[in-house]
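Asker: With the hints as extra help, turn the sequences into a complete structure.
If you want the building blocks of each chain, they are given just below.
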Amino acid sequence: MKMHLLTAAVLVAGLATSGAGLAADPAAQADSTEARRVDKKTDQFRLQRITPGYWRVTIDNPPFNIYGPRAMPQLNAVITQIEQDPDVRVVVFDSAVPGFFLTHYDFVPPLEESTEMPAGTTGLPPLPDMLVRLSRAPVVSIVSIRGRATGVGSELALASDMRFASREKAVLSQWEIGAGLVPGGGPMARLPRLMGRGRALEVLLSGNDIDGELAERYGYVNRALPDAQLDAFVDKLARRISTFDKRAIADIKGLVNANSLPSNEEIGKEWDAFIGSVGRPSTQQRIGRLMEFGLQTNREVEVHLPDYTVKSGTPEK
Amino acid sequence: MKMHLLTAAVLVAGLATSGAGLAADPAAQADSTEARRVDKKTDQFRLQRITPGYWRVTIDNPPFNIYGPRAMPQLNAVITQIEQDPDVRVVVFDSAVPGFFLTHYDFVPPLEESTEMPAGTTGLPPLPDMLVRLSRAPVVSIVSIRGRATGVGSELALASDMRFASREKAVLSQWEIGAGLVPGGGPMARLPRLMGRGRALEVLLSGNDIDGELAERYGYVNRALPDAQLDAFVDKLARRISTFDKRAIADIKGLVNANSLPSNEEIGKEWDAFIGSVGRPSTQQRIGRLMEFGLQTNREVEVHLPDYTVKSGTPEK
Amino acid sequence: MKMHLLTAAVLVAGLATSGAGLAADPAAQADSTEARRVDKKTDQFRLQRITPGYWRVTIDNPPFNIYGPRAMPQLNAVITQIEQDPDVRVVVFDSAVPGFFLTHYDFVPPLEESTEMPAGTTGLPPLPDMLVRLSRAPVVSIVSIRGRATGVGSELALASDMRFASREKAVLSQWEIGAGLVPGGGPMARLPRLMGRGRALEVLLSGNDIDGELAERYGYVNRALPDAQLDAFVDKLARRISTFDKRAIADIKGLVNANSLPSNEEIGKEWDAFIGSVGRPSTQQRIGRLMEFGLQTNREVEVHLPDYTVKSGTPEK
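Residue numbers (UniProt numbering), protein chains in the order written: chain V, 1 to 317; chain P, 1 to 317; chain Y, 1 to 317.
Derived from the structure by calculation, the hints contain no laboratory data. Each hint should be verified, as a subset may be incorrect.
Identical chains share a label here; the pair holds if one copy fits it or two copies do between them.
[What the hints assert, rightly or not] Computed list of lysine to any residue pairs in SDA-like fashion (alpha-carbon distance at most 25 Å, straight line):
{"hint": "1", "residue 1": "LYS311", "residue 2": "GLY279"}
{"hint": "2", "residue 1": "LYS236", "residue 2": "ARG46"}
{"hint": "3", "residue 1": "LYS236", "residue 2": "HIS304"}
{"hint": "4", "residue 1": "LYS311", "residue 2": "PRO226"}
{"hint": "5", "residue 1": "LYS236", "residue 2": "ASP211"}
{"hint": "6", "residue 1": "LYS246", "residue 2": "ARG56"}
{"hint": "7", "residue 1": "LYS311", "residue 2": "GLN285"}
{"hint": "8", "residue 1": "LYS246", "residue 2": "ASP209"}
{"hint": "9", "residue 1": "LYS311", "residue 2": "GLU266"}
Answerer: Given below as C-alpha cells:
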C-alpha cells in the first residue's frame, strides 16, 4: 500500500512535466507514458469454455481492472467468438481481481490511441461498438459482479443481458460527472430504460457509489445475492440456459431487443460527448488532480473514488 | 397421483404412434386426440356481474387451467362484452381451480385448430387479438393471481391493467424456452416495459418459476399480498374503481396506453415466432418428452415444470 | 374543525346559487369568489440562493399548499431563473407548510383564469409548459417531499429530476379520477416510464394515497428516507452536485432526456383532457359535493381526500 502511494507520487511528478494521456496534451508524451499504462497484461479477458454451450470470460488486469485502449482488441476477439460460435448459448463475465470487477477508462495513454482506432462492424467506435454487439448477440450474457463496476465496468454490465451482484462486495457507479466527464459507453440510454429517469439521473449526476442492495432496489442489477451464494446461483442459471435451444434463445432475445434497446445512434452520441468532454480545461484540471491524488496507482483513491472526485473540483489551498 | 402417471403413460403410447396435436403431425390424429383434450369444459371463463360496474371472470378448467383453442370463443365473448357494455368499469380475473390461475397452451389439439381460426377485430390471430383488446378496452382489468400463472396465464396477466398476487401461492413464469418454444402472447414486448430488459430476459430465458415475492420485487405484479388478504384487497380496490366516472377512466387509460403499450405489430410478431417454433424438430422432441413425463396429465409435472423442461432437453439414457 | 365545516357550508350555499370557478359556470362569479381563493399569498414559491450553484425553492401557501392560476407567474419566474442563471447547478423544492408539499388545483377561480393565460415558451399552456421546461433545464431539480404531494404536487415531483420522500410523512397521489377529472400535468406520460404501466394505472385509476414506503417500492420516488434523515440527505446530495461541472451536468441530463422524456405533444394532450373533463356535468357534481364536504377549507377533507372522492360519487340520501 505504502509502495503504491510512493509510486503515485513519482508518477505524478512526471505527469506534471510531460502531461499524461487523456489528462493532458497527448502529442508530447507517447514515450513517457509507456511505463505507466495499466493495460500491459495481454490476457485481460480470459475466455474459458466450461462446456460448448457455457463460456466464462474472466477479467484479469490487476491491480484495479482498469480498461484501456489495448484491451479493445482483446474484448473484440471475445465478442466476435460469442457472435460466431455455433454452440455457445450463455457467457458469464466475472473478475479475477479482488475488489474490482471492471473500472474506469485508462487516463494515461494518449487520446489518439482511443480516437484513431477504426470503427467496429456497427460503424460505431470500438467500445460502444462492442457493447452494442454484446446486447444484440444471439447468446445470453450474464455479469457476475463482485467488487467495483464503475465507468466501463458499469457500462459492460448494462450492455449485458442480466446482472447479478454480490450483496456485500459489489459497487456500481457512473462516477464520471465527478471528473467533468460525460460517460461514453451508453449509460444515459440504458439506465433510464432499466430504472426510470429519476434513479438514472441520480446515478449519473451524483456519481456516487451504489452498493449491491441499492443496486437491486433501483433495478441496476437483477438481484443482489449474499456473496457466498453468488457464484453457485450464477453457475446454476448459466448451466440451465446452456441446455436450451439456441434458436429459441436467439428469437426471444431478438424480440426483447426490439422492445427495449436504444438505437445505435443514441449510443454513438454518448461516445462523442465523452470525447468532447475529455478535452475541456475544467475536465483536464480535475483529472490532473485525481492523478495527483493517486488515481490508477493508489488503491485508497480507487476504492473511495466519489470522495476524491469532489475534492478534485475544490480549489487547492 | 399414481393413476395420473399411469394415464400419462397410456396416453403417451398413443402419442408415440399417432402423433398428438402441437406435439407432432396433426393431420392423422383428429379423432384419437378428442379424448385427451383438456378444454372440454364449456364454461372455462365464467362471467359474474357483481354490480353493473364491477364484473368478475373466473377461470375454471380443471385440473390445471390449461388454455386450448376451444377456449378462444369463450374468452372472446367475455372480452367483447367488456368492450361494449356501457356500465362496466372494472373486471377482476381469478381462478376457481386450486393451485392454478391459468397455465400453458394445450398441446393435444391439432395445430390447425389454432392456425386456421379467423383473425380477430384487430387483424391479429385470436389470442394476441384478445389480449391487445383487453389492454385497450375502456375498462380496468385486474388479475388476482393465486396458483400458477404460466405461459398464457402470465400473458393474460401482462395484458391486464393491474396484477395482484398471493405472496404464498402465486407463481408466474414464461416457461416456454424450456420446451424450445417462443412465447406467443406478447411477453417479449410487455415484460421489458414493466421490469426492464435485464429482468425480462431472465424471466424469458431462464424459464424459471417466479414466486409472489420476487414477482413484486421485479415489477412482474403490482404487489404480492399475504394470501389471506388478497381477495379483500382486490375486492375493495375494484369496488372503489367501480364508483368512478367511466369517461374519465377511459380517457386516463387511453393516455397511459399511448405512453406504454407496444404496437399491435410487435405483438403480432410474437405469435408468428411461436407458431414457427412449434414445428421445429428439436421443439417437437422436447414437447414429446414432456408429454411422456406427464405434462397435461400429472400434477407433479405441471407444478414443477421448470425441472421437467431441463430434463426434456437432456438425451435419454 | 367545526368552523371550517360551517364555512364550507356557507360557501357552498354561495356556490349553489352563483356557481364557483372550476366547479360551475364561471361567467357570473368573478366577484363573489375573490374572498375564497386560496392563492392570495404573493410569495408562494420562495427562492433562496444557498450558494451560487445550489438553490432552494420553498412552497409556502398555507394552509394546504393548493395551486391556483395566480401561482403561475410566480412559478414561471422561478423556472425562468433556473433556466437562465449561469451558475446554478441544482435546485431543491421543499415546503414550508406542515403536512402539505403541494396539492391540487384551486377550484374557486373562474375557469377562464386558467384557460385564457397565454401559452408559455414551449407553446404549451402555462402549467404543462413550466413542467416541461423544468425537465429540460440544464440544472438538476430535486423534490424533497414531506406531507401531501397530490395532483399538481405529484406532477411537479414527476417533472423534476429526482424525488426523495419522508418515509413517515410523505403522501403522493393522483386523486383526480375521484372527482371525475383527468389529471392535466403529465402523469399519464411520466408515471408509466417510471414504474411501468400496471403500477401507473393503479396510481391513476385508484386515486389512492401512496405512502412513502410504497412510493419507493413502486419507483414513484427515488427513495423514501426516515423523516429525521431526509433533509440532511437531500442537502448533502445537492451540495455534492453543486460542485460539479455545469456543462457536464447539462450534457448528461440532455442525453438522458433524449432517452426518457415524453414529447411535449403528449404532455399537451393531458392538459386538453383535463380542461375537457372539468366541464362535464358528472365532474361538476362531484367537485360541488367535495366543496360541500370541505375541500379547500377543511383539513380533514384535504388529508383524507380518497375517502371523500368516493363519497362524492355516491348519491345523496
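Asker: How would you label the pair LYS246, ARG56 (within, between, both, or neither) given a Cα cut-off of 25 Å?
Answerer: within (17 Å within a copy, 41 Å between copies)
Asker: Is the C-alpha distance from LYS236 to HIS304 at most 25 Å within one copy, between copies, in both cases, or in neither?
Answerer: between (33 Å within a copy, 17 Å between copies)
Asker: Could you place LYS311 and GLN285 in one of the four classes (within, between, both, neither) given a Cα distance threshold of 25 Å?
Answerer: within (12 Å within a copy, 60 Å between copies)
Asker: Is the C-alpha distance from LYS311 to GLY279 at most 25 Å within one copy, between copies, in both cases, or in neither?
Answerer: within (20 Å within a copy, 57 Å between copies)
Asker: Have a look at LYS246 and ASP209 and pick one of within, between, both or neither, based on CA distance no larger than 25 Å.
Answerer: between (37 Å within a copy, 21 Å between copies)
Asker: When Cα atoms must be at most 25 Å apart, do LYS236 and ARG46 count as within-copy, between-copy, both, or neither?
Answerer: within (21 Å within a copy, 41 Å between copies)
Asker: At most 25 Å between CA atoms: does that hold for LYS311 and GLU266 within a copy, between copies, both, or neither?
Answerer: neither (32 Å within a copy, 42 Å between copies)
Asker: What label fits LYS236 with ASP211 when the C-alpha limit is 25 Å: within, between, both, or neither?
Answerer: both (24 Å within a copy, 18 Å between copies)
Asker: State whether the alpha carbon distance between LYS311 and PRO226 is at most 25 Å within one copy, between copies, both, or neither.
Answerer: Answer is neither; intra-copy 33 Å and inter-copy 28 Å both fail.
Hints 4, 9 from the list above are not met by this structure, while the remaining hints are.
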